[in-house]
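Undergrad: This is what each chain is made of:
Protein chains: 2
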Amino acid sequence: MARLPTLAVVGATGAVGTVMCELLTGRRNVWGEIRLLASERSAGRRVRCRGEELTVQVLTEETLDGVDVAMFDVPDEIAAHWAPIAVDRGAVVVDNSGAFRMDPDVPLVVPEINPEQLRNRPRGIVSNANCTTLAMIVAVAPLHREYGLRELVLASYQAVSGAGQAGAEALHDQLAKVAGDRLLGSRTGDVRQAVGDELGPFPAPLALNVVPWAGSLADGGWSSEEMKLRNESRKILGLRDLKVSATCVRVPVVTGHSVAVHAVFATEIDAEGARNVLRNAPGVIVVDDPAAGEFPMPIDAVGTDPSWVGRIRRAVDDPRALDFFVTGDNLRKGAALNTAQIAELLAKDLTHP
Amino acid sequence: MARLPTLAVVGATGAVGTVMCELLTGRRNVWGEIRLLASERSAGRRVRCRGEELTVQVLTEETLDGVDVAMFDVPDEIAAHWAPIAVDRGAVVVDNSGAFRMDPDVPLVVPEINPEQLRNRPRGIVSNANCTTLAMIVAVAPLHREYGLRELVLASYQAVSGAGQAGAEALHDQLAKVAGDRLLGSRTGDVRQAVGDELGPFPAPLALNVVPWAGSLADGGWSSEEMKLRNESRKILGLRDLKVSATCVRVPVVTGHSVAVHAVFATEIDAEGARNVLRNAPGVIVVDDPAAGEFPMPIDAVGTDPSWVGRIRRAVDDPRALDFFVTGDNLRKGAALNTAQIAELLAKDLTHP
Numbered sequence: 014m015a016r017l018p019t020l021a022v023v024g025a026t027g028a029v030g031t032v033m034c035e036l037l038t039g040r041r042n043v044w045g046e047i048r049l050l051a052s053e054r055s056a057g058r059r060v061r062c063r064g065e066e067l068t069v070q071v072l073t074e075e076t077l078d079g080v081d082v083a084m085f086d087v088p089d090e091i092a093a094h095w096a097p098i099a100v101d102r103g104a105v106v107v108d109n110s111g112a113f114r115m116d117p118d119v120p121l122v123v124p125e126i127n128p129e130q131l132r133n134r135p136r137g138i139v140s141n142a143n144c145t146t147l148a149m150i151v152a153v154a155p156l157h158r159e160y161g162l163r164e165l166v167l168a169s170y171q172a173v174s175g176a177g178q179a180g181a182e183a184l185h186d187q188l189a190k191v192a193g194d195r196l197l198g199s200r201t202g203d204v205r206q207a208v209g210d211e212l213g214p215f216p217a218p219l220a221l222n223v224v225p226w227a228g229s230l231a232d233g234g235w236s237s238e239e240m241k242l243r244n245e246s247r248k249i250l251g252l253r254d255l256k257v258s259a260t261c262v263r264v265p266v267v268t269g270h271s272v273a274v275h276a277v278f279a280t281e282i283d284a285e286g287a288r289n290v291l292r293n294a295p296g297v298i299v300v301d302d303p304a305a306g307e308f309p310m311p312i313d314a315v316g317t318d319p320s321w322v323g324r325i326r327r328a329v330d331d332p333r334a335l336d337f338f339v340t341g342d343n344l345r346k347g348a349a350l351n352t353a354q355i356a357e358l359l360a361k362d363l364t365h366p
Numbered sequence: 014m015a016r017l018p019t020l021a022v023v024g025a026t027g028a029v030g031t032v033m034c035e036l037l038t039g040r041r042n043v044w045g046e047i048r049l050l051a052s053e054r055s056a057g058r059r060v061r062c063r064g065e066e067l068t069v070q071v072l073t074e075e076t077l078d079g080v081d082v083a084m085f086d087v088p089d090e091i092a093a094h095w096a097p098i099a100v101d102r103g104a105v106v107v108d109n110s111g112a113f114r115m116d117p118d119v120p121l122v123v124p125e126i127n128p129e130q131l132r133n134r135p136r137g138i139v140s141n142a143n144c145t146t147l148a149m150i151v152a153v154a155p156l157h158r159e160y161g162l163r164e165l166v167l168a169s170y171q172a173v174s175g176a177g178q179a180g181a182e183a184l185h186d187q188l189a190k191v192a193g194d195r196l197l198g199s200r201t202g203d204v205r206q207a208v209g210d211e212l213g214p215f216p217a218p219l220a221l222n223v224v225p226w227a228g229s230l231a232d233g234g235w236s237s238e239e240m241k242l243r244n245e246s247r248k249i250l251g252l253r254d255l256k257v258s259a260t261c262v263r264v265p266v267v268t269g270h271s272v273a274v275h276a277v278f279a280t281e282i283d284a285e286g287a288r289n290v291l292r293n294a295p296g297v298i299v300v301d302d303p304a305a306g307e308f309p310m311p312i313d314a315v316g317t318d319p320s321w322v323g324r325i326r327r328a329v330d331d332p333r334a335l336d337f338f339v340t341g342d343n344l345r346k347g348a349a350l351n352t353a354q355i356a357e358l359l360a361k362d363l364t365h366p
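Each protein sequence line maps, in turn, to chains Y and C. Each residue of the first sequence is one higher than the last, beginning at 14 in the numbering used here. Each residue of the second sequence is one higher than the last, beginning at 14 in the numbering used here.
The hints are simulated quantities; they were obtained by calculation from the structure and are not laboratory data.
The list treats identical chains as one, so a pair stands whether inside a single copy or across any two.
The calculated SDA-like cross-link candidates involving lysine to any residue, where the alpha carbons are at most 20 Å apart (straight line), are:
#1 K256 - R333
#2 K256 - S237
#3 K190 - A217
#4 K361 - E46
#5 K190 - F215
#6 K256 - D331
#7 K361 - P128
Because the structure is a prediction, the values reported are computed rather than measured.
Work out the full structure, taking the sequences as your base and the hints as a guide.
TA: Right under this line is the structure:
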C-alpha cells in the first residue's frame, strides 16, 4: 500500500469518540483520510480532529467504502449489525462493544499483552476489552508472567463516563442539585428526593452514593459487567481455569475506573519484587508511597495513558497473594487509546505487510 | 440498684455523639441521669437529649463521679488516658476508639454476635468495633455459624463522616466548589486545582474522586484501617487463623459505609441458603433484587439501624465462596448504636444483677 490507510471512526460523537479525536490529533503520519461516521442524529456536525475540521457523515454501506480500518464505538446491537458490513466492504474492524469479545474467531487484544493474536482474525474483526478489564489487566498480566496467576478477587470503583456522555451529564446534574445542602446524605431518603427522577442511565442516584450494579442481569445474580471481568481476563491471559470473582460498583467520579485487586499466584510473592515487575511493565506507572499521600486516584489518572498502580502489598495471611489498587482513564486506555493502539498495529501491517 | 443507672456520654458534641443523643431520645426508662461530657472547647453548649436541654460539661475526674456507665467517643489517645480514670471512679466504660480493642483483657462486643463476652471485662472496659468492621461483621457472623468461615477478601467504600464532622464538612465544601463546572473530573489535575488545600482530614480531594487510604501506615504497606478489619474480625468471631485481606477506600458519600465481601467457607454454599440465613439474622436486612433496582446503598441505609445486605451470589468458580455487598450507617450501627446496645446490656446487668 503506497498511500497511508483510511480510518473510519464509527460513533465519533460519543464520549469515547470525542477522546478518540483528541488522541488522533497527537498521532500523525499513521492515517491518510480520517472519516467520522455516526447516526443520522449527529450527521453534519463539525468536529476538530488532527487539526482539520471534519464533517460527521451518516454510517451507511457507502460511507464505509474504501475504509481500511474501522474503529467502532457504538452499542452492542449496532456493532453486531454494522461490523460485518464494514468487513464485507473491505475494512478490518476494531470493535469496542461487547458484541464480539467472547467469539472464539475474534481476538481480544491488549497490545501490551497479546499483540500476536492480532494476526489471527478469521472474521476480520478485532475486539477491544471492557474498560474496567483494561485498567486492571495491564497490571495483572506482567505479574502473571512472573508468578503464575491462579485467582482474582476484584472490587471496582467505576466512573459515570463508563456509561457514556449521558452518565457524566447525569452526575453533574445531580451534583448541582445536592451541592449546598449540608444535611443531604445524612438522613434517609433525602438524596433520592433531591435528585428526583434524573437518574440518567443508572438505576439509582450517584451523587453522594455508590451503586453496586453495572450492566444487565446475568445468571446467578451476577451482573454482565462482573462476568465480562471474569471472561475477558481469562481470554486475554489465555487462562481457561482462572478463578475470578468481581463486584462492580459505580461511584460518583466523572472519569477514571479503579479496581481493588486481590491476586493469588502459584508461587510465593514479595511486594518489592512485584513492584519491580510493575515498574518495568509497559503501560503501567507505579504510584506507591502512602506516607507521602501517593496512591492511584481517578483525579490524577484522568487524561493520562497508563494504568496507575499502588497500595502494592503482600497479603498478611497468604504468602502467595498480592493486594493492590489500580486506576486508569476509562475513556483512554479503557476505550479510545487501546482501540487506537490496535488500529495502529493494523495500519503498520497494511502499510508494510 | 433501685435507681436507674447514670450514663455519661464522653465526646458528646462530635459526629457520633450527636447521633448518640438522637438514639437516647428514642430509648427511655434505661438511664437515670444522662451527663454530656466533652473538651473545654465544647463545654457550656446546650444539647437536646431525651427531650431535655442538657449543658455539656468539661470531662474531669469530678464530672465522672457517680457515673455507672461511660460511653466514650473520642480520639484514641484521649480514650487511653481517660477510660481508666472513669473505671477508677466506678464506671464501666464502653469505648468506641481503637485504644483498647486488641487488649486481651478488653472484650470486643457486637451484641448480635458475642454478647456473652460482656461479662468478662477485667479492666472494666468494653470496646466497640471499628465502623467498617461493624457494618460487615453483622452479616458475616451468621454465615460463619452456618458454613464455617475460612477467608475474607474485602474492599470498602467508606463515607467521609467516618472521619468525623470535619470529614463531612470537607466533602460539602469541596462539592460546593466543583458543582456547576461540567468539565471538572474529565481532565488531569483540575479537581485538585478547584478544591485547593481544603482537604479536611483526608490526604486528597474526595469530590469526584476515590482515595484508597484510611488511617495511618502499618507494616508492609497496609493501612491501620485495613489491619483493624482483619484483627477485629478475628477477635469478634474467635477465629485466630482467619485469612483476611482488606482494601479500605474513602468515597464521596456523607454517611454509610459499604463493603464488597468475598467470603470463603469450609463447606459448599448456595446463594438461596445464604440468603435465608441472612433473612433470619438479627441486625440484618436483605435487599437483593437487582432486576428491580434493589441493592444496598448508602443513601438508603443512612439513618437506619441494620446492615443492608444484597448482591448475594455464589462465586462462579468456587462452590465454597460467596460474594455479597453490605452497607451500614457508620454513625449508627458503626458507632453510636452498637455502643448504646452494649451500654444497655450493661445497664440491665446493673439494674438486675
